[in-house]
Amino acid sequence: MRSVSLFMGLTMTLAVAAGLWAAPPARAEEAQAQTQAVCDVPESLLQSESALPKVADIIKGGRPLDILVIGSRSSSIGASEDFAYPARLQAALREQLPSAMAVNVSVELQARKSADEVVKDLPALLAAKRPALVIWQTGTVDAMRSVDPDDFRGAVDDGIAAMRSAGADVVLMNLQYSPRTETMISVPPYLDNMRAVAQEHDVPLFDRFAIMRQWNDNGDFDLFNSSHGIELAKRVHDCIGRALSKFVIGAAHPAPQQQN
Amino acid sequence: MRETAAIAAAPAIARPAAAERELRLDLFRGLALWLIFIDHLPTSLLTWFTLRNYGFSDATEIFIFISGYTAAFVYGRAMRDAGVVVATARILRRVWQIYVAHVFLFTIFLAEISYVATSFENPLYSEEMGIMDFLKQPDVTIVQAMLLRFRPVNMDVLPLYIVLMLFLPLILWLMRWKADLTLALSVALYAVTWEYDLYLSAYPNGVWAFNPFAWQLLFVFGAWCSLGGAKRMAKVLASPVTLWICIAYLFASFCVTMTWYFPQLGHVVPRRIEQWMYPIDKTDLDVLRFAHFLALAAVTVRFLRNDWPGLSSPWLRPLILCGQHSLEIFCLGVFLAFAGHFILAEVSGGPALHALISLTGILIMWGMAALISWYKHAADKDAKKGKPGNADLAGGG
Chain A
0 MRSVSLFMGL TMTLAVAAGL WAAPPARAEE AQAQTQAVCD VPESLLQSES
50 ALPKVADIIK GGRPLDILVI GSRSSSIGAS EDFAYPARLQ AALREQLPSA
100 MAVNVSVELQ ARKSADEVVK DLPALLAAKR PALVIWQTGT VDAMRSVDPD
150 DFRGAVDDGI AAMRSAGADV VLMNLQYSPR TETMISVPPY LDNMRAVAQE
200 HDVPLFDRFA IMRQWNDNGD FDLFNSSHGI ELAKRVHDCI GRALSKFVIG
250 AAHPAPQQQN
Chain B
0 MRETAAIAAA PAIARPAAAE RELRLDLFRG LALWLIFIDH LPTSLLTWFT
50 LRNYGFSDAT EIFIFISGYT AAFVYGRAMR DAGVVVATAR ILRRVWQIYV
100 AHVFLFTIFL AEISYVATSF ENPLYSEEMG IMDFLKQPDV TIVQAMLLRF
150 RPVNMDVLPL YIVLMLFLPL ILWLMRWKAD LTLALSVALY AVTWEYDLYL
200 SAYPNGVWAF NPFAWQLLFV FGAWCSLGGA KRMAKVLASP VTLWICIAYL
250 FASFCVTMTW YFPQLGHVVP RRIEQWMYPI DKTDLDVLRF AHFLALAAVT
300 VRFLRNDWPG LSSPWLRPLI LCGQHSLEIF CLGVFLAFAG HFILAEVSGG
350 PALHALISLT GILIMWGMAA LISWYKHAAD KDAKKGKPGN ADLAGGG
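Chains as they are written, first to last, in numbering that gives the first Met the number 0: chain A, 0 to 259; chain B, 0 to 396.
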């Protein structure tokens, strides 16, 4: 009985803590934010223990930064390429990095391809683009096809190895938070495996799922609603692009070592 | 009204089985059903009350273990009293009931999906909407669903239960011969599953979300406990060493779980342990999950005695009632989770609505459990003539 009440006590404390944690930030932004949606991301989701040494070197030397985004259809919004997050990432990076630096983000959409199928095409893709950084958005197709999570993990493993041996830094990006399809697509095994592989290879993982869920919970975006036009998608992608730029710059400029 | 009727009727009926009835089993199975329901809904404040946030294992483990325990208890007795053939026949009838329940749930799921597919258009999720493509070939999908190979999310527990129950006659027969050997075989099968990657394939591809080759371990372990194993373990369970190991393990897993929700705490867990530990596999019932369940069970059994007076308190009555009709309430829970999703999708509401839906769902589950009790004991006059205790103890039906 003692243990039960202790458990309940812990639960209550945590529930309250979670409530506070998830409370929308009471911050009044200037009117500048009119075009840009308010979409704060907690620092912890923008930091990574893993680093991007190549990108760090390039930024230090002020050389041109070539980034390749490899992703499925959730890396695009229909035909409006300029509004999808890769283009927004490019814009945000150009804003934040020294203006003399050339930043180029290109996209290779691999629609309807599982991680395993993407890995088969990697050598050709990497040889053609020679990027310093590959942002690999994956998991969605595998989750929709319920590919065996172990196979998925193996494929991501191989993919990272291939990207690294082609001389690129890697950032992994996981699935979108999609509340409407939660009853139809089982997402957790793929999130877990991506987290595990990222840790294993010391690769920064951009947790798109957690970030979008945070926005939904905070009321920044109503991702549940069915009747949105293209506008919502544009705003979400803009926010993802900007968050991703902070994430990449953060991982390339690691903060002073944390004390253990 | 209904509840009072059921409660008033309950003591009269509980009497024949009262001596044997383990109310703790009903209590925790009821709890597992509520938690499974909450876990199936989109995350809300109530989600923070569910087990999976505080350790490796979750309500599924409890549900399967208790199902194994009660099934072995009821049908084990039948096998002793009426023989192998009769007991097998009764188990197969039960399997059929679970199968029908599964197909019924699939029909409801199909209705929900078809509606969402025609009403949802959001360019942000055009990729995820591809999941509806299976509606384009209902001929294949529906047949595959009936073969238990096509299972939508949240509908994985019943197929697992069906397969486990299908093998129950064999398990019981072996157990009556040599219980410990049966458990050893089960552990061996579990080990072989991990070593050689045994699985059941699913449609259109992938594998069963709960691998029966691995999850049978919990079921057989439950059966083993019920057929005398628990008594033999009593000494081990009573030892303070066991208790402290369990508490230490539960605490460690609690800390690890916290790092998932508060990434700031990430440095608490040494990297090498992280690399060894992840991913904690639910499909194949990771050893860490199984151990977590064992620890949880050991601590619970120690502090929550069978003669604890609270078990007969009216406050725990709803949980116990739900646990006593687990098949019906489980199905209802899956249905309510679909319905909850549906409402949340149609009416954009905040966290308050989320919590309200969860609470309403639980109230409905309680009401239904009370109603079923009433039907069994008051409305069905035949039930009184026959032996009411048995199937009821195995979780309804």
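Among the clues, some could well be false.
[As the list claims (entries may be wrong)] Below, simulated SDA-like cross-link-like pairs (lysine to any residue); rule was C-alpha separation at most 25 Å, straight line:
# : chain 1 : residue 1 : chain 2 : residue 2
1 : B       : 135       : A       : 110
2 : A       : 112       : A       : 55
3 : A       : 112       : B       : 121
Hints were generated in silico from the structure; no laboratory data involved.
Since the model is a prediction, treat every value here as computed from it, not as a measurement.
These are the hints, each one checked on the structure:
1. 135/B to 110/A: holds (20 Å)
2. 112/A to 55/A: violated (31 Å)
3. 112/A to 121/B: holds (21 Å)
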